[in-house]
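Since the structure of chain A is provided, determine the placement of chain B on it from the hints.
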Amino acid sequence: MQPRRFPRICVTQDRPWLRYRGMLSVMSTRDEEIYRSCAGELTRYATGLVGPFDAPDVVTDAFLKASGSSRWDQVDNHRAYLYRTVLTVAMDHHRSSRARRAREQRAAVPAVAHQPEIDYEILDVVERLSVKQRAAVMLTYWSDLPADEVGRLMGVSEGTVKRHLDRARKRLKEWLS
Amino acid sequence: MSSNDERKMRELAERLAAMSPDAPPFPEETTVTSPSKQTSTLRPLTVFAGAALIVLLGLGIPLIIMNSGEAPVGTDTTTTTIAGTSTTAPETTTTSETPDTTVTTTPTTSYGSVLYLTQDPENSFLGNPAIIALETVVALEDGADDLDVLRATINMLGDPDLVVPEAFSNSVPEGVEALVIRRADGTDNALIIEMNEAFLDGAGGLLADFTMLNQLIYTATQLPDIEEVQFIVNNEQVTQFGSEGLDLSASVNRETFQNELNIIYLTSPILPNADGNIVVEGNSNTYEATMHARVLDPEGNIVHEELGTATSGSGEWGEYLFVLDPDHFEDGSSVQLLWYSPEDGSASNVITIPYNGGQPWDFLSGS
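Going down the list, the protein sequences come from chains A and B. When we follow numbering that gives the first Met the number 0, the leftmost residue of the first sequence carries the number 0, and every step to the right adds one. When we follow numbering that gives the first Met the number 0, the leftmost residue of the second sequence carries the number 0, and every step to the right adds one.
Next comes chain A alone, as it looks inside the complex (with noise of 0.2 Å):
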């Protein structure tokens, strides 16, 4: 039997770890470029994702999950990768009901710096919405794109994307009549 023995580790550059900590003097310059690149385009789909008020906290969860993700320096395209990040973070925002509390308490008080004028028909209308319907919705609407970019943003089929927008119109029968 081999005797154990745990030689020590005395390089901190080797510590991979590092990078998932708070991002911080590790966080690349090129991760703050990609990050500049989509989180405008990012925080609208977030917000029709989950809301104005909790957008930009999902936006800033979803980037630092993705670039914290061992994948990320493999990652070909960021911006697709990040959409689909959102779109993860928003479905867990989304069960949470702490995080529901915390919408309807700063929905009362709005306490974003700049804060454009809350549509509250168009928030009651979507909320017949599963999220992931609302991100077909987003990407075919708002983003203007095919199916099959929407799918791959959505880390879904074509075929999954027409499915969401199909139900989603049947949710939003009332509203479209």
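Incorrect hints may have been included.
Unchecked claim - Here are a few chain A residues that sit away from chain B, every Cβ distance over 12 Å (derived from the structure):
1) G47
2) D56
3) N76
4) H77
5) A79
6) E120
7) S129
8) P145
9) E148
10) R151
11) M153
12) S156
13) T159
14) A167
What the hints assert, rightly or not - Simulated crosslink set (DSS-like; lysine-lysine; CA at most 25 Å straight-line):
15) A:K172 to A:K161
16) B:K7 to A:K169
17) A:K161 to B:K7
18) B:K7 to A:K131
19) A:K131 to A:K161
20) A:K172 to B:K7
21) A:K172 to A:K131
22) A:K131 to A:K169
The hints are simulated quantities; they were obtained by calculation from the structure and are not laboratory data. We treat Cβ as the ideally placed atom computed from N, Cα and C, and that holds for glycine.
Chain B only, in chain A's frame:
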């Protein structure tokens, strides 16, 4: 689909997008760092409200969450750590069964990993333990993957040879072992961990059971892309765990039992960053999100103290981050984390973590 439907769907998307606020700043700009050299003053008018909030924080919220049977869910905390390859240490075993000595070399690699032990805080109203992240290494054969490293790390917790430093505790009983770890089908952020039957007994008492689970969950979710785990035993979901028969049939994550922890704890090992500054990072839920970090010399004297603000507080868990000047540290220094009670100004929920000089802890050989 009619053109009217098409037009209305487009209107819906446009009206939603029109409500979009400005994009949040680059996350680095919003990272909460500790403003240095601030004093621990609290506004007098907030003292009474603070005391009320302490009661709410300490009793109300955990009870509500426990009674509703709903796992507390917070914002994603991606302050996780990962296991990674570090140095290679060939080990040599010499066998001398015959006069012709045969030398067999088994190459092993030391993999960096994080073990989560606990510490009982000082001056804590609830007495919940704090999770403490400590860097360690595990030696495995070359070619081990992340899950191999993770399993070895989890199994250190139940290893009879584990030597827990005096400052810390371990609620995982001896003999508890992860047999198999695999990624859950259909997800990219969940693990299924098959534990041995000793796991089912828990740690003897409800709080100890929660602490044991938190240690296992935090250790298991240190891979950056893993957010939740499901424990199984004998290939079946766990519906009766520990002394109170906790139902663990659903996946659990770092937030599931978070309210059973001290309101200040450490999610990442205390280590120098690339600039040489000492980084202290974790979660807290203190009044007005304020808390303090102290650097203690080997005799326990305070040589430095900073005020910091977490991302949330007063009933909501937030993330805190202190970046401390390495000049405050010497061999044998410790980092102390605490908040000051608005009621009487006393240092509360104090945890003290020995700084290991930026070196990993060696728990199995006791050094």
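List of violated hint numbers, smallest to largest: 1, 2, 6, 14
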